[in-house]
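Peer 1: Those protein sequence lines, which keep their order, are chains H and F. Each step along the first sequence adds one to the number in UniProt numbering, with nothing skipped, and position 130 is 130. Each step along the second sequence adds one to the number in UniProt numbering, with nothing skipped, and position 86 is 86.
Quick caveat, the hints were computed from the structure, so don't treat them as lab data. A couple of the hints might just be wrong.
Okay, derived cross-link-like pairs now, SDA-like style, lysine to any residue, Cα gap no bigger than 20 Å in a straight line [claimed, not checked]:
1. F:Lys42 - F:Lys536
2. F:Lys605 - H:Thr9
3. H:Lys55 - F:Ala276
4. H:Lys78 - H:Gln143
5. F:Lys605 - H:Thr12
6. H:Lys55 - F:Ser281
7. H:Lys78 - H:Ile167
8. H:Lys55 - F:Asp267
9. H:Lys55 - F:Ser266
So these bits of chain F aren't anywhere near chain H, every CB distance computed over 12 Å [what the hints assert, rightly or not]:
10. Pro78
11. Val150
12. Gly272
13. Gly322
14. Phe374
15. Val427
16. Met457
17. Ala522
18. Arg539
19. Leu601
Don't be surprised by glycine CBs; every beta carbon is placed ideally from N, CA and C.
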Amino acid sequence: MSTSTTLETPSTGTWDGGNEPLKASYGKLMMWFFLLSDAFTFGAFLIVYGLSRHKHLPYTGEPEAFTFSTQWWPIPEKVFNAFPGFHGVDLPLAFVALMTMILILSSVTMVLAVEAGHRMDKNDVQKWLLWTILFGATFLGCQAWEWAHFITGTEEGMMLADGTRIIGANLTVNQYGPPLFADLFFFITGFHGTHVFSGVILLIIIFLNTVYGTYQKRGHYEMVEKVGLYWHFVDLVWVFVFTFFYLI
Amino acid sequence: MSSTDISINEDVHHAHEEHDHHHDQNFFEKYIFSQDHKTIGKQFLITGIFWAFVGGFLSILFRLQLGWPEATFTFLEPILGGWIENGKLNPEFYLALVTMHGTIMVFFVLTAGLSGTFFNFLIPLQIGARDMASGFMNMLSYWFFFLASVILFTSLFLETGPAAGGWTVYPPLSALPEALAGSGSGMTLWLIAMALFIVSQLLGGVNYITTVINLRTKGMSMTKMPLTIWAFFLTAILGLLAFPVLFSAALLLIFDRSFGTSFFLSDIYIGGQALAHSGGSPILFQHLFWFLGHPEVYIVIMPAFGIVSEVITTNSRKPIFGYRAMIGSLMGIALLSFVVWAHHMFVSGMNPFLGSVFMFLTLIIAVPSAVKVFNWLATLWRANIRFTSAMMFAIGFVSLFISGGLTGIILGNSSLDIQLHDTYFVVAHFHLVMGAAAFFGMFCGVYHWFPKMFGRMMDEKLGFVHFWLTFVSVYLVFMPMHYLGIAGFPRRYYTWTGFEAFNVFTDMNTFISIAAILGFSAQFIFLFNFVYSIFKGRRATANPWHANTLEWTTPVLPGHGNWPGEIPAVYRWPYDYSKPGAAEDFIPQTVPFSETQSSNLPQEKDFE
Ligand code: HEM
Ligand SMILES: [Cu+2]
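So that you can see chain F by itself, here it is in the shape it has in the complex (with noise of 0.2 Å):
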């Protein structure tokens, strides 16, 4: 009941000056349960980066098999131990690191990595709070992520190994321990781990959304917040209504593998004896999955609009282009994500007709996708861009969404889908447009946002090679895969040397491990540089990059409580970049009309 007690008193985040002479905390209080939203945020993030490295390793892992099918591994022995013999790797393990990859990335790394670093480190220093809503769940957020991610770790090192049935964790094959080894203690740790997770989402998610309506501070209205803020809340809306239903879907499976219910088990037959459950249906479990899976890519998309929109005017020195219809389409996106599901299940066996309705409701998402990116050209349209590492990232970015999305288009016509889902067009698309783009998103932040975490700058040269090898190896690893799949090659495949057809794309595999190998090495660039910078970088001032959001007009370090005086007020939206008449290229939001009459506009003269 702790958190219900202290969170009675409302104006504790307003009222509460002077935060910096209260007692000393300890190293615990401090770096471990710390409930301070930056700590946190910090804690997400080097989480994250974890996670990261162990899905990027163990994609390589399978790209060595794949882009040399008929070569041994010895050199892998020592790592993988029973896992391969005499350098050949386990069919069934090959499965599950395709599924624990998925897994780590999706919800690991580009749900909890991205959404619990920005949401936390930025949602109360740029409305102008001094914590979040309750700091003790934001606590308890983390730790219930970090049990999950322990769990989930855990799970790779069992005998039997981690689940194996594919990230979207499809019944029968998940269900029945008989069905692949991953499925018996892997699958159950699987599930627990996501239970957890969930949880976790969801006291973040009530925090974040409640933060944001009741301690923006005076003068923030709605329509004056930064973008980053406005993604971050459309975000916490879309996890909260479609977590549970992965939840429910997640218990009804851990009752059906447990206690022998069938809700979706039904008429299995195995090695001739039919197995008890009958009547379940496995379909229903994908429609469960999917009313969460689509939102949820959603989820790990939005916060990196919010990023790239917010990094992208502050280094074109122009306000961002549209800032209502960029409201309107999040909105836009975030309603739509919840009725298109079914895009995923055209091959399920469904209705033709339910297909065509699912089908023109996804290519509808198409059109508030578009507005954002035109909103981002025309921003960047004759800017005086300064290409910092973080605007790399931020264009690098909007050209990975472009080409991504182009192929969901495609995708999303339920008759060209009967040819193309399950290949390795359907990879091609979603690495492009959600993995790649919502990777580079969260760098992009990093980037920008260092000097505010850590009070140094990280090094632009590392920056740039980094920015540079990855990109060019994304599009190198990604565009051959669009031929591949058109030619029918499947996706989860362990071996498909058997296949005549396939034998043609031998080169074309080995090409893109290699492109893969280039692209993890580059990751070790940003590794270096983010630690080295944490102790030896530059160190940063209180404004680097010109901003005009709330955050840089706290100290170097804001200690708790963010600003050590009173929490200033708010004027005028985040976006007033090379306004004509003033005397800088940047107003930030706490400076009044009154201060700037030299470029008030004719509308603005009433706030004079």
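Looking at chain H on its own, in the form it has when it is part of the complex (with noise of 0.2 Å):
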């Protein structure tokens, strides 16, 4: 029988084990996995939305005399249709389409502290990191004053039958039509908000890690790969929330 040395040597495929099958390291694997675990729970959410927003009856008429009524779901350009310092202007969707810009924008910029990562360029990763943080944190800017908007209401606000008038929304009730509406919008936009929050918060202890250094003298930079991931996915979770809420 054969003597060779290779018989009492384990096979060495991609999944025969002693390695790392999908060429990355658990750390990275985790964040995978935890992402596709969050996408179920905005998954969920969103089919919240969808399911209470189906059962409402739509708006039927014709869309210049559309009016605000606890009847029907509102059109979402007349209700985000305004624009700080642009005061009584109907500018559709046009400053949640800036904010949405500047997600995407903040997303690039990761993408070249990641790739600055790979060359190990200290100075690259630290400026990108820098500019990431400034567009998340603008974009958490945007949506404060979104939802103060949202939340102050206009002038006309909404009239009921028996001549009062509702002005502004919170959870209880809202100006722009059914409750439900004004919930949904706090609720799934404010999961998200609190996820680029984290998104931030994370994103500053990585540049001061950069900054002392921590990064280089460990020999690469994964971390910043991995934050880089999470905060794609929040990236991607919101261009689903912004169809949801503003498109459809």
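Got two chains here, each in a separate frame; can you build the complex from them with the hints?
Peer 2: Right, dumping it as structure tokens:
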């Protein structure tokens, strides 16, 4: 029988153990699996949105004649049409488009930070992380304005049958339409905003670590990559939130 | 950030060969905030056993009420305080008992207790790893569970009582404090405990999955893994995808309860007064809940599948029948479990056509389930069975799973379910197929791996007594419930003597309660055996069951890092039992084919 030394060694294929079959460290795998599960959390919220909206009547009249009413789900363009500094001007979805742009830009700078990490270029990592933090924080600022505007409401508000007016919105009353519209708006954009906020905190931590040279000493910038995965995920979720709330 | 800092060094588990001469850990590092997977596994086990006794005790309380509806239980007054008035159980407390029993058993015992114990203990040992991918996150996972436990336990002592709307916490019952005393702070604590519990599950889940993917030892390909690991791996994936949806539902419910939103509430009148909530849908909650809930029942049972497969083949001294079919059926069950949830909602006013779609998908699950059952039976067929305590429980598991699975097929028919929904027939179904069966899987695992956990053997005679008493009383309790259910006897009713039709069942209910008390008492035999054997049991040898898997190649009490020397490599699948021509009736996974030339099969000659 054969007596060569190979007979004592186990097989060494991709999935044969003793290696990383997906070419990813376990830290990165963990991040991927966490994001997968987080996607299900958001998925559930968006399904709740879809079904709640389906349960309410749509507005069927002329768009020009649209008024806010608890009878129908509002047209997003009529709700989100304000822009800071342009009081009273009808700019449908302009502000949220700007917010989306900012968030997408932050994803670009994040890619650049990760790429700089691969080159072990500490200065570039710092620079691009700083930009990402800046864009992320700006997005949060915009969201704060958007919320404040939504809460304050418009002068006209919504006229009720008994002649009273509702102005602004909170979790129980809502001038723009059925209360659920506001509930879902606050809940889902709030949940997303919490994710962005956590992302900014993470970015600040890895920025400081980069400045102190922790990753340079360690020999790789994998931490930046992991936070990058998270950040892209949060951006991607925004695209869905945006589509659901503002476009359809 | 410390978790991520240490996590970078991926080859720490393979490279650090000499783990034994590192610094001495103090008591806290070793037993309390331990990051060693074996200690964490034991922590889960002991917490799980504690919860199992609490949950069991609660069920005895409500069985007393059901079995002797006219009796007065003054002797319970010292324990139950205000919940019992003149020897009569408070009706709302009865509901709280059922709710807490369900929550504790499903989540805290059969999810955390079962998965937490065996995933942590066995994954690194059976795949050949020094520890979990991230010991720190693993530790966090236990402590989140512990915190959830403390909060849920505290809720038992609230003046208004713990949550009482059923373990499924359907709104509006659970959403409005006006609905039930338990829907006040009891429900709030329930939701907080559950949120923490989910965090614990997710921390554990990502750890289990990545450990199986990245830390298998050399040669341990996916198709050389023991079926335990396959079952654990797929269960972890199910948990990772299903629990976040419960998390979403819980968050929305918290908002409805505390912040005035109306996600699940609409058109509710209390005392003629309309509530402000409008536009929401309670059915939506049911969908979200059961999207988790159905996979959850498989999260409970799949680890038991794995444990039982392993124990059956080891003690049959035969290779498992249909190894790949076992993996395939696990995958099939895992996949299908996500598309059948609405079979819990057939009578929720769902469109009958949709009901028939879910009925069809539900009945398909019977196919992979049957594959598993046939493979176990085929493995047992004409085997040299060694009737160890673990083996008894494994065989008992198969029996219970068959009995309970058959009634599942009946319930899965939407037209039959109209009659049977919310009756004791459902209670009988899921207690056999899930409750009792998963408990049997857990006992099976404890008896089998006890020598590896504590270096001593459990007493086999006591194990036998424990098995037979438990096995008999489980059937005595749940078989009669089928008849009650067919007669329309509803579940979750505090009192049924007011209904003329049900009075004939008084004797049957008393009988069930007596059997339940017998079964519960038998568990103290286990408890005694468990505690006694930890300290005084017969000392175990390194491989007492003559098993093939890697954990039995470690020292009797493996230290931190599991193997003192290098991690062994793996050459063969784990089921080479009674191979013709082999010197012994088992060949461990670490034996290369070159050393077993007399027993190699023709296709294995290439590996020599
Ligand atoms: C052949 C496979 C199975 C089928 C077709 C099936 C079908 C069903 C159906 C239709 C119901 C709903 C009954 C009702 O509420 O009216 C049900 C309830 C239940 N099943 Fe199964 N089942 C199967 C296997 C299992 C397994 C393997 C488990 C757990 C390991 C399980 C656990 C449960 C639980 C916990 C409930 C009750 C939930 C509750 O309402 O509290 N089932 N089953
Ligand atoms: Cu189900």
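Peer 1: Hint by hint, note whether the structure agrees.
Peer 2: Hint-by-hint comparison with the structure:
1. A threshold of 20 Å between alpha carbons decides the hint, and for Lys42 (chain F) with Lys536 (chain F) the separation of about 18 Å falls inside it, so the pair holds.
2. Taking the CA atoms of Lys605 (chain F) and Thr9 (chain H), the gap is about 15 Å. The hint holds against a cut of 20 Å.
3. For the given pair, Lys55 (chain H) sits about 18 Å from Ala276 (chain F) by alpha-carbon distance, which is consistent with the 20 Å threshold.
4. Straight-line distance between C-alpha atoms of Lys78 (chain H) and Gln143 (chain H) comes to about 18 Å, which keeps the hinted pair within the 20 Å bound.
5. Of the supplied pair hints, the one linking Lys605 (chain F) and Thr12 (chain H) holds, its CA atoms being roughly 18 Å apart against a limit of 20 Å.
6. Our distance criterion of 20 Å between C-alpha atoms is met by Lys55 (chain H) and Ser281 (chain F), whose separation comes to about 9 Å.
7. A threshold of 20 Å between alpha carbons decides the hint, and for Lys78 (chain H) with Ile167 (chain H) the separation of about 15 Å falls inside it, so the pair holds.
8. The hinted pair formed by Lys55 (chain H) and Asp267 (chain F) meets the criterion: a straight-line CA distance of about 14 Å does not exceed 20 Å.
9. Distance hint between Lys55 (chain H) and Ser266 (chain F) is fulfilled; the C-alpha atoms sit about 12 Å from each other, no more than 20 Å.
10. Residue-level check passed: Pro78 (chain F) sits 45 Å from the nearest beta carbon of chain H, beyond 12 Å.
11. With a least beta-carbon separation of about 25 Å from chain H, Val150 (chain F) lies farther than 12 Å from that chain, consistent with its non-interface assignment.
12. Against chain H, the non-interface label of Gly272 (chain F) holds: every CB pair exceeds 12 Å, the least being about 20 Å.
13. No beta-carbon of chain H is positioned within 12 Å of the beta-carbon of Gly322 (chain F); the least distance is around 21 Å.
14. The Cβ of Phe374 (chain F) sits about 28 Å from the closest Cβ of chain H, beyond the 12 Å cut-off, so the non-interface label holds.
15. In this structure Val427 (chain F) is separated from chain H by more than 12 Å, as the shortest Cβ-Cβ distance comes to about 29 Å.
16. With a minimum CB-CB distance of about 31 Å to chain H, Met457 (chain F) clears the 12 Å threshold, and the non-interface call stands.
17. Taking the minimum C-beta to C-beta distance to chain H, about 39 Å, the non-interface status of Ala522 (chain F) holds against the 12 Å cut.
18. Taking the minimum C-beta to C-beta distance to chain H, about 32 Å, the non-interface status of Arg539 (chain F) holds against the 12 Å cut.
19. With a minimum CB-CB distance of about 14 Å to chain H, Leu601 (chain F) clears the 12 Å threshold, and the non-interface call stands.
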